[in-house]
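A.B. asks: The primary structure of each chain is shown beneath.
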Amino acid sequence: QQQVKQSPQSLIVQKGGISIINCAYENTAFDYFPWYQQFPGKGPALLIAIRPDVSEKKEGRFTISFNKSAKQFSLHIMDSQPGDSATYFCAASTSAGGTSYGKLTFGQGTILTVHP
Amino acid sequence: EPEVTQTPSHQVTQMGQEVILRCVPISNHLYFYWYRQILGQKVEFLVSFYNNEISEKSEIFDDQFSVERPDGSNFTLKIRSTKLEDSAMYFCASGRYQETQYFGPGTRLLVL
Numbered sequence: 884q885q886q887v888k889q890s891p892q893s894l895i896v897q898k899g900g901i902s903i904i905n906c907a908y909e910n911t912a913f914d915y916f917p918w919y920q921q922f923p924g925k926g927p928a929l930l931i932a933i934r935p936d937v938s939e940k941k942e943g944r945f946t947i948s949f950n951k952s953a954k955q956f957s958l959h960i961m962d963s964q965p966g967d968s969a970t971y972f973c974a975a976s977t978s979a980g981g982t983s984y985g986k987l988t989f990g991q992g993t994i995l996t997v998h999p
Numbered sequence: 003e004p005e006v007t008q009t010p011s012h013q014v015t016q017m018g019q020e021v022i023l024r025c026v027p028i029s030n031h032l033y034f035y036w037y038r039q040i041l042g043q044k045v046e047f048l049v050s051f052y053n054n055e056i057s058e059k060s061e062i063f064d065d066q067f068s069v070e071r072p073d074g075s076n077f078t079l080k081i082r083s084t085k086l087e088d089s090a091m092y093f094c095a096s097g098r099y100q101e102t103q104y105f106g107p108g109t110r111l112l113v114l
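Protein chains in written order, with the numbering used here: chain A, 884 to 999; chain B, 3 to 114.
Source of the hints: derived by calculation from the structure; they are not laboratory data. Since this is a predicted model, take the numbers as computed values, not measurements. Hints are not guaranteed to be accurate.
Using 25 angstroms as the maximum straight-line C-alpha spacing, the simulated PhoX-like pairs for lysine-lysine come out as follows [to be verified]:
{"no.": "1", "chain 1": "B", "residue 1": "K85", "chain 2": "A", "residue 2": "K954"}
{"no.": "2", "chain 1": "B", "residue 1": "K85", "chain 2": "A", "residue 2": "K951"}
{"no.": "3", "chain 1": "A", "residue 1": "K951", "chain 2": "A", "residue 2": "K941"}
Part of the chain B face toward chain A, derived, beta carbon under 7 angstroms [to be verified]:
{"no.": "4", "residue": "S83"}
{"no.": "5", "residue": "F93"}
{"no.": "6", "residue": "Q100"}
{"no.": "7", "residue": "E101"}
Note that CB positions come from ideal geometry on N, CA and C, so glycine has one too.
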C-alpha cells in the first residue's frame, strides 16, 4: 500500500515534443506529491509538487495533473529540450499530523531522452 | 543559493568495516533525512531525524545503522559493519518543512 508505481521506465521524445510520465498510488493518506529530476551522478532535485486540493499545477514548461479519485498524477513537460534529458522520479508523502515526518516514497523512475 | 553538501563523494571499504557518511544540511532546516539508491533502482527512505532524535526509520535501517547530529550542523550516517549489499548511493536531504526536501549530491559507497 505504500508503493508508488511509475511508468514508463524510459521515454524518448523529439525536441519540442511533450513528455508525459505517469504515477499511481494506493495509500490515501498521501497528501503531497513532488516530482524530482536527477542527472547522472547528482542528487534528486525538486522540480514541482502538488497537493490533492488542486487538479493541476504549472511551473514554466512543467505541469502536474492530479486525479484524486483515480489516485494518479502525471508530469507533463511541454516543448521538451535535450537539456531535459534526465531521470524523473515521482514521490509521495504524508504531511504533518500523522506519524510520518515527511518520508518520501519514490516511484521507480523514468529515464527521459530528448533527441535534438 | 544554499545547498546540502555531502562528504566523501566516493568511499570504498572492505566488508565488515565501519563507515561514516557526512552531510551538512541547509542551515535553517529542521528536518533531516537519509535515503539510498542502489544502482539503477529507485530512491529508498532510510531514516528521518527531527528535534535531535530519529522520527521514523525504514526496515532497511537496522541495528547496523545509526545517525547523529554531533555539533548542530553536521548530520552523519554510520554503518557499523558494512555488507556487500550496502553498496549504493547514499543521499542526505534536509527541509525547513517536512515536505520540501532538498537533496545533497550523494556519497557513492562501494563495499568489497
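A.B. asks: Run every hint past the structure and note whether it holds.
C.D. replies: Verification of the hints:
no.: 1; hint: B:K85 with A:K954; verdict: 38 angstroms, violated
no.: 2; hint: B:K85 with A:K951; verdict: 41 angstroms, violated
no.: 3; hint: A:K951 with A:K941; verdict: 17 angstroms, holds
no.: 4; hint: S83; verdict: 25 angstroms, violated
no.: 5; hint: F93; verdict: 5 angstroms, holds
no.: 6; hint: Q100; verdict: 3 angstroms, holds
no.: 7; hint: E101; verdict: 4 angstroms, holds
In this structure, the earlier hints numbered 1, 2 and 4 are contradicted, and the remaining ones agree with it.
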